[in-house]
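First to last, the protein sequences are chains C and V. Numbering follows the working numbering, with no gaps: position 47 of the first sequence is 47. To convert, take the position in the second sequence, counting from 1, and add 1000; that gives the working numbering.
One thing to keep in mind: the hints can contain errors.
[Stated by the list, open to error] The following label-pair restraints were derived from C-beta to C-beta distances:
hint	chain 1	residue 1	chain 2	residue 2	range
1	C	D110	V	I1036	38 to 48 Å
2	V	P1040	C	H284	27 to 37 Å
3	V	G1065	C	H284	39 to 49 Å
4	C	D243	V	I1036	27 to 37 Å
5	C	S271	V	E1030	57 to 67 Å
6	C	N96	V	D1019	50 to 60 Å
7	V	K1046	C	K336	29 to 39 Å
8	C	I66	V	D1019	40 to 50 Å
9	V	K1046	C	V98	32 to 42 Å
10	V	E1023	C	E300	35 to 45 Å
11	V	G1065	C	V98	47 to 57 Å
12	V	E1023	C	E76	53 to 63 Å
13	C	S352	V	I1036	45 to 55 Å
Hints were generated in silico from the structure; no laboratory data involved. Being a predicted model, the structure only gives us computed values, none of them experimental. Don't be surprised by glycine CBs; every beta carbon is placed ideally from N, CA and C.
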Amino acid sequence: MIIDSRYSRQILLNEIGETGQTKINKSQVAIVGCGGLGAIAAMYLAGAGIGSIILIDGDTPDITNIHRQVFYNGNETHSKSQILGQKINTLNPEVNVVIESNFLDKNNIDDLLTGVDIVLECTDDIMSKYLVNDFCAIENIPLVYGAIYKYEGYVSLFRNQEENDVHLRDIFPEPNPEIPTCSEVGVYNIIAGLIGLMQANEALKYLLRVGEGLANKLLTYECLSSKQIVLNLKKNWNVDLEDLYEKTLYTSASCASAPEIMASQLINNRSDYLLISVMPKGEHQAYDEKTKWSEISDIENSIKSSEPKPIVIYCRRGRVSKSVVSDLIKSNARRKIFSLEGGYKALQKYQSKSAD
Amino acid sequence: MKVFCFGMAKDITGLSTLDLDNESVSTVEELKNYLIAAYPEFEKYKSFMIAVNQSYANNDLVLNGTEEIAIIPPVSGG
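Let the hints inform the model, and build the full structure from the sequences given.
Below is the structure:
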């Protein structure tokens, strides 16, 4: 009977067998972030027959994602988690897929991650990485960490079962908002696929309790040299994590608090607002002739020298501008400053809608 | 003393391997301070990790210059 089953070729492996397959089928995995790392990890875990997969991502695919996020086409209007959920249903209908189309934050993390067997942290957002890390460490939920930069990537397994199990804060104690993202420095598509699959590998081995996991180790891989190094880590961060978790908001580009304005509101009342783009210089697209451009580091000066109208700041998708505005309003309490919700993409969408 | 650069460290120094003068650096902490002085941009990424002989190294670890040293900066892409 095994011979013809969907999982027969992995059941043939000594380390898996029917017992292992049953373990896989009964497992529940959460994937935070369905981009370059998360999407490929989710598809392979679904292929292996994970019982239930929770997909969490509030982002929609963008054409600049597709070279490394090969399960999307960039024209979709649904969230990555929804589209990926459909792909998984087609690939393996035996998998129960749970879709969350909001970004993970401190309000929904409890509902989404409590009770899962293992979490894969696959976002490109530094604060999300610390939010997931801290929550999983407190709740003793095993976590597979992955992160990439240009041609390189890191993978580790934070078991969170014993007191001496290393987690992210033992490697990098504090989140550093200065770390550039893929959209700023570029990324080689292969590294995303490799690291995503290495994360899936760590998860499967952990669920099966086979092989040697990357617990208390950090694997680094570099594509240009094909070099892999496994570093030994040790527990050295001993701050009261529960206390820190209570006090930390974990807000960043994706969830900073800033007043926002809709594209429709701006376009229909264009002359009431001063419009400034903070898109990277090479990618900057002006909405109209009166659109100004500013380097993020120079935005304070750009605002000081501007006419006293309410200001709307935009980036490509509304995440960077939100964090810029959230900083600006602290030092410019008397100015009305908004972030354009959905960024330049929303402007384009609204325009093409009104043209129809 | 040879120091391998990963990720952003490669961009900051412009090199994949640094060759340092041993005399100014005898502990991991001194190495970190040396790097920040030589390449001020490291100041922004203070949380970078130093690995010695493929293991995480605390600040007080003594270096004799023959070890395999690597700068492992934080990374957030996904």
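Hint-by-hint comparison with the structure:
{"no.": "1", "hint": "C/D110 - V/I1036: 38 to 48 Å", "verdict": "holds, 39 Å"}
{"no.": "2", "hint": "V/P1040 - C/H284: 27 to 37 Å", "verdict": "holds, 28 Å"}
{"no.": "3", "hint": "V/G1065 - C/H284: 39 to 49 Å", "verdict": "holds, 48 Å"}
{"no.": "4", "hint": "C/D243 - V/I1036: 27 to 37 Å", "verdict": "holds, 30 Å"}
{"no.": "5", "hint": "C/S271 - V/E1030: 57 to 67 Å", "verdict": "holds, 60 Å"}
{"no.": "6", "hint": "C/N96 - V/D1019: 50 to 60 Å", "verdict": "holds, 55 Å"}
{"no.": "7", "hint": "V/K1046 - C/K336: 29 to 39 Å", "verdict": "holds, 36 Å"}
{"no.": "8", "hint": "C/I66 - V/D1019: 40 to 50 Å", "verdict": "holds, 41 Å"}
{"no.": "9", "hint": "V/K1046 - C/V98: 32 to 42 Å", "verdict": "holds, 39 Å"}
{"no.": "10", "hint": "V/E1023 - C/E300: 35 to 45 Å", "verdict": "holds, 43 Å"}
{"no.": "11", "hint": "V/G1065 - C/V98: 47 to 57 Å", "verdict": "holds, 54 Å"}
{"no.": "12", "hint": "V/E1023 - C/E76: 53 to 63 Å", "verdict": "holds, 59 Å"}
{"no.": "13", "hint": "C/S352 - V/I1036: 45 to 55 Å", "verdict": "holds, 49 Å"}
Comparing the model with each numbered hint stated earlier shows that all of them hold.
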